[in-house]
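There are 6 protein chains.
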Amino acid sequence: MKTAIYPGSFDPIHNGHLDVIGRAAKLCDRVVVAVAVNHAKTSLFSMEERVALIRAASAHIPGVEVKAFEGLLVDFFRAERADAVIRGLRAVSDFEYEFQMALVNRSLDEDLETLFLMPSQKHIYLSSRIVKEVAALGGDIERFVPEVVREALRK
Amino acid sequence: MKTAIYPGSFDPIHNGHLDVIGRAAKLCDRVVVAVAVNHAKTSLFSMEERVALIRAASAHIPGVEVKAFEGLLVDFFRAERADAVIRGLRAVSDFEYEFQMALVNRSLDEDLETLFLMPSQKHIYLSSRIVKEVAALGGDIERFVPEVVREALRK
Amino acid sequence: MKTAIYPGSFDPIHNGHLDVIGRAAKLCDRVVVAVAVNHAKTSLFSMEERVALIRAASAHIPGVEVKAFEGLLVDFFRAERADAVIRGLRAVSDFEYEFQMALVNRSLDEDLETLFLMPSQKHIYLSSRIVKEVAALGGDIERFVPEVVREALRK
Amino acid sequence: MKTAIYPGSFDPIHNGHLDVIGRAAKLCDRVVVAVAVNHAKTSLFSMEERVALIRAASAHIPGVEVKAFEGLLVDFFRAERADAVIRGLRAVSDFEYEFQMALVNRSLDEDLETLFLMPSQKHIYLSSRIVKEVAALGGDIERFVPEVVREALRK
Amino acid sequence: MKTAIYPGSFDPIHNGHLDVIGRAAKLCDRVVVAVAVNHAKTSLFSMEERVALIRAASAHIPGVEVKAFEGLLVDFFRAERADAVIRGLRAVSDFEYEFQMALVNRSLDEDLETLFLMPSQKHIYLSSRIVKEVAALGGDIERFVPEVVREALRK
Amino acid sequence: MKTAIYPGSFDPIHNGHLDVIGRAAKLCDRVVVAVAVNHAKTSLFSMEERVALIRAASAHIPGVEVKAFEGLLVDFFRAERADAVIRGLRAVSDFEYEFQMALVNRSLDEDLETLFLMPSQKHIYLSSRIVKEVAALGGDIERFVPEVVREALRK
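Chains as they are written, first to last, in this note's numbering: chain A, 1 to 155; chain B, 156 to 310; chain C, 311 to 465; chain D, 466 to 620; chain E, 621 to 775; chain F, 776 to 930.
Any given hint could turn out to be false.
As the list claims (entries may be wrong) - Okay, derived cross-link-like pairs now, BS3-like style, lysine-lysine, Cα gap no bigger than 30 Å in a straight line: (1) B/K287 <-> D/K597; (2) A/K67 <-> F/K777; (3) F/K842 <-> E/K752; (4) C/K377 <-> B/K181; (5) C/K312 <-> B/K277; (6) E/K752 <-> F/K907; (7) A/K2 <-> F/K842; (8) E/K742 <-> A/K26; (9) A/K26 <-> A/K2; (10) F/K897 <-> B/K287; (11) D/K467 <-> E/K646; (12) A/K67 <-> F/K801; (13) B/K222 <-> C/K312; (14) E/K687 <-> D/K491.
Worth flagging that the hints you see were computed from the coordinates, not collected in a lab.
Could you build the full structure based on these sequences and the hints that come with them?
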């Protein structure tokens with residue numbers, strides 16, 4: 001397996017995401033973190049900010065590239081000549097949604113294989129939404145996100 | 156069982172819905188597809204469009220009627236002198252929600268029986284939301300919806 | 311819908327089963343309770359006892375027949391010229407197993423449609439295994455089973 | 466266990482909530498119903514109305530206090546010198562979300578213990594959202610909420 | 621809350637059990653670990669061994685008593701004049717089963733309240749079955765069980 | 776990713792297993808199908824038969840090796856200098872169990888990464904147990920297993 005795509009909103013990246021990127025990087029030569037343009041949801045951080053935060057937070061992991069993408073994941077997948085899509089799985093609700101998306105993507109391109117990885121148990125409850133909620137209420141998010149994200153959220 | 160109600164938003168109807176309608180029509184003399192007026196969510200297609208698309212897509216299935224309804228399902232159920240409500244089940248997340256709604260409806264009318272059908276495995280991942288997302292991103296939805304809906308989405 | 315099959319082990323029949331039979335009987339002209347010969351599991355009651363208990367407990371519900379069956383459900387289904395198989399759904403773990411069996415049966419016979427019904431909330435926790443466990447430990451099973459079963463378990 | 470916190474939006478309080486409060490009050494000297502200020506979601510009832518409705522509906526249960534709270538639950542928990550947080554569990558989808566929140570809260574304060582209680586089976590399908598939907602559609606919510614809430618919703 | 625019962629097979633006790641006992645002991649004056657006589661399943665350790673291992677492993681936690689019990693949990697619950705039953709929850713499959721047992725117990729005695737606690741994330745995958753399997757295959761179970769159990773399993 | 780282990784009982788191999796092997800072989804240079812010696816469960820086919828059936832059924836897929844293994848998966852994983860363990864995911868009940876085993880394995884060896892793949896929707900209901908049950912009842916298992924297994928089951 002040479003190239004894996006790790007797609008998501010990453011608004012912002014948290015330690016669970018970083019854990020998955022690190023695990024994927026051990027298995028592939030190249031991990032492309034694919035940051036989705038999201039027209040429906042308003043994101044807290046702009047695309048440029050999200051890409052910059054991921055780059056800063058994953059700089060120590062070899063083989064990681066960060067790219068914005070718009071449109072269908074299958075098109076990005078083909079353009080990157082990727083071998084698989086990587087997704088983290090935390091719990092059953094995740095699984096339902098992820099299972100559905102993986103089937104949709106496979107129905108659009110039979111070659112798009114989705115591989116599911118488990119993040120470390122430490123991060124099993126983490127989501128970008130929870131990071132933003134705790135930060136907004138003045139809670140300490142030191143355990144949840146890398147230092148660059150913590151600073152960015154403080155602003 | 157003479158009359159079954161198949162309620163939903165159908166925004167728009169997709170092949171999973173059609174599969175359920177076909178299966179229900181084999182079991183009942185009359186299947187009333189009940190298109191819900193949804194004040195909260197903004198629908199992509201108007202009520203008239205949704206009804207017209209279902210009629211066109213289900214024209215080949217005998218015993219199907221398509222009606223708009225507003226208000227409580229129990230009232231529509233009684234007005235149609237129906238024997239049961241039909242719902243399709245795809246996955247666990249579906250089941251939780253469907254189970255809850257079936258219990259609510261039964262608590263409002265002890266005679267409202269909900270019957271759950273499984274659509275074909277081919278359609279296990281399909282939802283109106285996914286059809287709209289893939290279409291909006293320029294993906295091919297040929298496998299997902301009948302031809303009339305495909306044309307309507309192209310506009 | 312004329313004939314529905316309601317298959318199971320019924321070792322012994324409990325109030326949740328009876329609730330499903332009653333609901334099915336309102337929707338169909340004929341409900342065939344199909345008692346499975348189970349070679350793998352040792353049953354507490356013999357086939358003759360299980361059939362007799364179901365007959366006694368469902369005598370007041372019109373249109374109910376009780377039959378033993380051996381072999382594949384699809385063969386019994388065809389022999390009875392049934393329209394559908396009825397199953398009760400209590401919770402998610404039920405759903406997983408039931409979903410799997412319904413797909414297996416459909417793969418063996420495309421015409422075998424499985425309809426899922428919800429028993430009354432009162433019976434949501436009931437299973438034959440629990441009835442036997444509580445009875446074996448000397449607990450009162452009055453709420454769980456019809457009177458004939460209670461007497462049979464006392465012996 | 467002296468003090469338990471029962472946090473939520475209570476927009477409005479329903480019979481499932483009241484059932485949990487009653488059960489918690491049997492186990493603790495003091496149950497603090499903590500009504501969350503919700504900046505994101507627009508609530509049907511104002512904070513003052515929600516607090517007043519809970520007070521009226523729980524007046525017959527000894528040891529219950531009703532308080533508004535803003536900010537992180539962990540801060541409110543410490544300020545109240547509480548022993549545990551109480552949450553009702555209805556179904557699997559509840560469980561996923563509740564499990565996640567309990568882990569987040571424990572990560573913010575190792576002493577914040579979350580205890581889960583089951584409401585009565587009668588209320589297993591109830592949620593504030595469903596109460597509001599049924600009331601908005603003109604349905605009878607007598608089974609769902611205490612009389613004071615029913616009157617408040619009529620307006 | 622004065623007395624809580626923590627029932628189980630404890631064949632053998634592991635770190636997830638101990639974690640739950642420690643959390644329960646902070647909330648109650650007295651935690652009675654109730655070791656079930658299991659006629660159906662053959663246990664690896666005898667009742668005497670299981671009780672002795674729990675006593676040794678929980679000696680440092682104040683307020684813990686260990687007792688064997690036979691028969692219905694509701695009868696033991698009444699005899700101990702307990703306020704609640706405590707159960708640990710690890711995942712959805714747990715939840716289904718636990719939910720069912722809690723409803724059965726409540727149907728046998730309306731006063732039997734079941735409280736669910738989450739063990740530490742560290743122990744989220746632990747079960748007695750897994751401890752025994754890993755030990756039988758020669759794996760290191762240092763992370764899974766207290767030292768006394770490790771020694772007992774070595775024999 | 777060079778080497779992936781695909782462990783299981785394979786009693787016998789079915790089309791869902793073969794589908795996963797084919798997908799894994801596209802991503803890795805070498806897929807080691809690891810057939811577990813199972814002391815607890817009595818298998819229908821002997822270890823030699825299971826290995827021979829997998830070899831025959833997967834002969835057309837390049838890079839596949841079939842090996843028996845006994846003891847802990849982590850030891851086999853290290854001996855094979857594997858990069859990851861591959862598991863197929865069919866449904867939620869699968870996921871719970873697979874999640875637990877993946878966490879146990881990771882706790883025994885931090886380097887043991889488990890990757891989850893989805894088999895084709897066509898095989899979503901398949902399990903070795905179901906294949907054996909249908910075959911034992913005289914059903915047609917042509918859709919479920921490769922031809923060599925069908926012949927082996929006929930005997």
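*Please write out, lowest number first, the hints stated earlier that are contradicted by the structure.*
none
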